[in-house]
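K.L.:
So the chains spell out like this:
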Amino acid sequence: MARISRGFRGRRRQDAEPGRLPPGQYVTPDFPVLSAGPTPHPPLQGWSFTIGGAVGEGRSWSWEELLALPAEIVTVDIHCVTKWSKFDTTWKGVPVDRLLEGTEPWGEYVVAWCDGGYTTNLPLADVTGGKAWVAYEYEGEPLDPEHGGPARLLVPHLYFWKSAKWVRGLNLSPEDKPGFWENYGYHNYGDPWKEQRYWGD
Amino acid sequence: MGRQRLPWREVAIREIRPETPSAKTLVLDVPGWPGHAAGQHVDIRLTAEDGYQAQRSYSIASAPGEPDVELTVERIDDGEVSPYLTEEVGPGDGFELRGPIGGYFVWDPARDEPVLLVGGGSGLAPLMAMLRHRRATGTAVDARLLLSARTLEDVLYRDELEELAADGETAPPVVRITLTREDPPPGWSGFRGRIDRDMLTELGLPPTERPRAYVCGPTPFVEEAARLLVELGHEPARVHTERFGPTGG
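These protein sequences, in sequence, are chains A and B. 88 is the number that numbering that gives the first Met the number 0 gives to position 89 of the first sequence; each next residue is one higher, with no gaps. 181 is the number that numbering that gives the first Met the number 0 gives to position 182 of the second sequence; each next residue is one higher, with no gaps.
Don't take every hint at face value.
[Stated by the list, open to error] Computed Cβ-Cβ distance ranges for the label pairs, DEER-style:
1. 177/A to 14/B: 35 to 41 Å
2. 116/A to 66/B: 33 to 39 Å
3. 201/B to 106/A: 48 to 54 Å
4. 196/B to 74/A: 36 to 42 Å
[Unchecked claim] If you want a taste of the chain B side facing chain A, the calculated C-beta under 10 Å gives, among others:
5. 45
6. 99
7. 238
Keep in mind that the hints were calculated from the coordinates and are not lab data. C-beta atoms are modelled at their ideal positions from N, C-alpha and C, and glycine is treated no differently.
Turn these sequences into a full structure, and let the hints guide you.
P.N.:
Next up, the structure:
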C-alpha cells in the first residue's frame, strides 16, 4: 500500500467513465503542448511524405497528393506520458495502411521521422490494422503547427509521444531502433494501459 | 545508463519555503536518491485514504549534488494537486516520488559552451537548477538568464538571483528580468512587457557565439521565445524547450 498523503482527497472525476482512463492519468479539456524544441514551420511547397527503408520500393507523396488520398475521420482518446488524457478528439488523416498498400515490407519495425529532427520507433504492427493515421486536421481545422501541423502521426493506443509531430516519413527496418525520447529515458513501447512511461516500466 | 525501472520512493517534506504569494518550495528527504542532472524532473504520486491516486511532474529546482531534492510548486487555482502541495502539506507530510526523468532538457557544465536561459514564471525552476549547478561547479561558462514574470512579487528566488548576479568571486551570470503586468517600481532597470527580439538581443550571446538555449515556461511563452531565438539565427537543434500548461495542476 502506498504511503497515504495526509489530507489529500483529490478530485474524483465523474467525467471519466470507468475503464476509460489509463492508470496515473487525469482528464483535461485543454490540449497541452509538449515538444523538445522550437516548432518548425516547413513550407508546404516541397513538403513530402515518404515511406522508405525495408519496403522494397519506397514511395513519396507531395502535400497535394497526400490530401488527395482517401482519408478517414476518427474520434479517439489520447494519452500523454506527462499524465493528461483527452477524450473524444477528432482527426482527419490518411490511414497508414493506405500508405503501405502495395509495398512489400520486410522489416517488423518503423521509425517515424520529422521536421526538426524528432524520431520515434514503433512496431509495424502498431501502425497497421487500422491503428494509425497521418493526420492533418484536428476538430475540422488544419492542424496547428504547435500541435504537429502540417501533419502528424496519430497512434492513439500508445502514449502520445509516439504520435510524432511534423512527421515526414516512415522508415521500415528489420531492427528496432530507439527514437528520440526512447533514447532519453522513455519507454520503448509506451502502452498507457500498462503505464509504460519510462525505461524498465 | 541502466534501464532498470525507476522505483517509487516514499519521501518526506523536511521544510517548506514560501517563494512568492502563489509558489512554495518543498525541501524533500529522498532516501536512496541517485542524483540528477540540472534540468531533469520527477513524477510525484499522491494517495488519498481511500486509495485514489494522482500523479504529476515537477522540475527539480535544486542543484545536482545537493543532499535534498527541492521542488517549487506554483499554485494553480483550479488544480487538483498544486493547491494541496502549496496550502495543505506541512513538514513531515509526504508522498511518493520517482525520478530523475528526462535526458534532453539537461545542462552539463562539461560541455563548456555558453548557455542562454529563458524562463517564464515558474518555468524558472529547472533553469535555477542549472544556475545553482553552475555556481557549485565554479565554472566560468558564460550564462545569461532572461526571466519573464508578471510582477516583481512573482519572481521566484529573487534574493538568490540578485546574489548570484552580484557574485564577485566567479564570473557571475547575467540576470535580466522583464515584468509583464505591472508598472515597474521606481528605479527599475529591467525590461518591461512580454519578451521580444530586442530583449533577447540585449541579453547577449548572439548565434555566432553558439550558445545552447534552454527555454521553459507556459506553452505560449515557450512558443514565442523559441520562435524568436530561431528568428535571431539560433540553430533550432540548440534550442531546448520544456513546456507546461495550466493542466499541470
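K.L.:
Each hint needs a verdict: does it hold in this structure or not?
P.N.:
A quick look at each hint next to the structure:
{"no.": "1", "hint": "177/A to 14/B: 35 to 41 Å", "verdict": "holds (39 Å)"}
{"no.": "2", "hint": "116/A to 66/B: 33 to 39 Å", "verdict": "holds (37 Å)"}
{"no.": "3", "hint": "201/B to 106/A: 48 to 54 Å", "verdict": "holds (51 Å)"}
{"no.": "4", "hint": "196/B to 74/A: 36 to 42 Å", "verdict": "holds (41 Å)"}
{"no.": "5", "hint": "45", "verdict": "holds (4 Å)"}
{"no.": "6", "hint": "99", "verdict": "holds (9 Å)"}
{"no.": "7", "hint": "238", "verdict": "holds (5 Å)"}
In this structure, none of the earlier numbered hints is contradicted; all agree with it.
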